[in-house]
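Starting from the known structure of chain A, arrange chain B on it as the hints suggest.
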Amino acid sequence: MITISHLTKIYEGDGQRVTALEDVSLHIEKGDVYGVIGMSGAGKSTLLRCLTHLERPTSGEILLSGQNLAALSGARLRAARRGMGVVFQGYNLLMQKTVAENVAFPLKLEKGYDKAAVSARVAELLELVGLGGRARAYPAQLSGGQKQRVAIARALATSPGILLCDEPTSALDPLTTKAMLALLTNINQKLGVTILIITHELSVVRAVCTHVAVISEGRLAESGAVPDVFGRPQSDVTRLLLGREPVDGSEKGE
Amino acid sequence: MAEFWEQYGALLADSTLETLYMTFGSTVLAYVLGLPMGVLLTATRRGGIAEAPRFNALFSWLINILRSLPFIILMLFIIPFTRMIVGTSIGATAALVPLTLSAAPYIARMVEQSLEEIDAGVLEAAQCMGATRRQIVTRVLLAESVPSLLRGMSISLITILGYTAITGSVGAGGLGNVAFRFGYQYYRKEVMYATLLIIILLVCVIQSIFDFISRRADKRNR
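Residue numbers (the numbering used here), protein chains in the order written: chain A, 671 to 924; chain B, 528 to 749.
Just to be clear, a hint being listed does not mean it is correct.
Okay, the calculated bits of chain B under chain A, using three or more residues with CB under 8 Å as the criterion [stated by the list, open to error]:
no., segment
1, 561–568
2, 662–670
In silico lysine-lysine, BS3-like type, Cα no more than 27 Å apart, as pairs [to be verified]:
no., chain 1, residue 1, chain 2, residue 2
3, A, 785, B, 746
4, B, 746, A, 767
5, A, 778, B, 716
Please keep in mind that the hints were generated in silico from the structure rather than gathered at the bench. Ideal placement from N, C-alpha and C gives every residue a C-beta, glycine not left out.
So here's chain A without its partners, still in its complex pose:
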């Protein structure tokens, strides 16, 4: 689905040079629920911005369904972007539009869209995320969890193969978090959508992810299936996240 190879992103400006990501390689299979976990400032958000091509990587390559993102521009980049849904940390909903209009937004970007088809699709999506009754509400009238659901419905509107979620639960209370994760699992299983979750919460990865990549200071610490990585952590940062003692450099292994 997505192959990231040797991705490096360096921000330069005002004589400063910040390496946000260094030589990160990942492979996400179709159907995975892939967690990317790390502390604040580890480079998780930069990774997401590179995946959506909001930032151009300094070097390295991102293949989305075999397509090299860096080689695309204009209409082909827009088409590739419609193949992925993004759920932003701050929801980024259109505040002057209703819930239904927000979900319809990506569908109405296409030339000559069918009005009836769009409203049927919007109703279906709102039903899926459990907001069937709030179609005519405005985002300002919704709770955080409800806004998140609108954001998910909107991201799924174009039937993308992959859903990218940036800290989908960081602003939610524990109960809402649980419901949100159940929804994501449901989307993965029912629709077969691959999901990438950026998070700093271990519990999120434990609850829903099949695979995980641990990122620390812009580098990939380790990655693999969740039971393997959390069962036999190889890096200090993973052990730290798990709340265990870091391994002394001289005696590696359990």
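Same frame as chain A, but now just chain B:
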């Protein structure tokens, strides 16, 4: 009182209409010029959706220069241009030309300020959904800032209403002309007071109407 209205009522009514014509006419025309200018300012700045920092700096300077010309100087300076377009430099329609040219760069800044209120994250979201730049401008930037644009428009209208009084003093008609002629030249105080009263009323009415519409249009606070 009745005698006063009999004598000046028609004059005041005509002048009010002239003032409204100049105010609304030039505001509409100034938005035709100023709105795209404001969009261009916002889109081309660093981090904007059509980033072009050098052009932005140049364009911004140009707008500053246009804005710093005192209105009365601009009005006299462009008389040949006004004649070319309208055929005359006297009257309410002729006044539209300097009013529009002077208000457009001001409106560009008002529009820029409104558009800057839109969260960059929302623009990025639209970009990720595959929106073109044009779609981002019309469906996100402009659509999301409608309430703020309306508030800006009320400020522009009232500012331009003030400027019509200046054009009035050089023969463009309107309430400014009446106030100037009767208050200053003939010294008929009550006529001047009546025009002032009408102008105050116009300002209050315009402000209340726009406050009402922009509150109704804003879906953020309900």
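Status of the hints after comparison with the structure:
Closer than 8 Å: that is the beta-carbon criterion, and the segment 561–568 of chain B has 0 residues meeting it against chain A, so the requirement of 3 is violated. Proximity of the segment 662–670 of chain B to chain A, defined as three or more residues with a beta carbon under 8 Å from a beta carbon of that chain, is established by the 4 residues found. Using a Cα cut-off of 27 Å, the hinted pair residue 785 of chain A and residue 746 of chain B holds, with the two alpha carbons roughly 24 Å apart. For the suggested pair residue 746 of chain B and residue 767 of chain A, the alpha carbons sit about 8 Å apart, so the restraint of at most 27 Å is met.
Restraint check: the Cα-Cα separation between residue 778 of chain A and residue 716 of chain B comes to about 61 Å, which exceeds 27 Å; the hinted pair is violated.
In this structure, the earlier hints numbered 1, 5 are contradicted, and the remaining ones agree with it.
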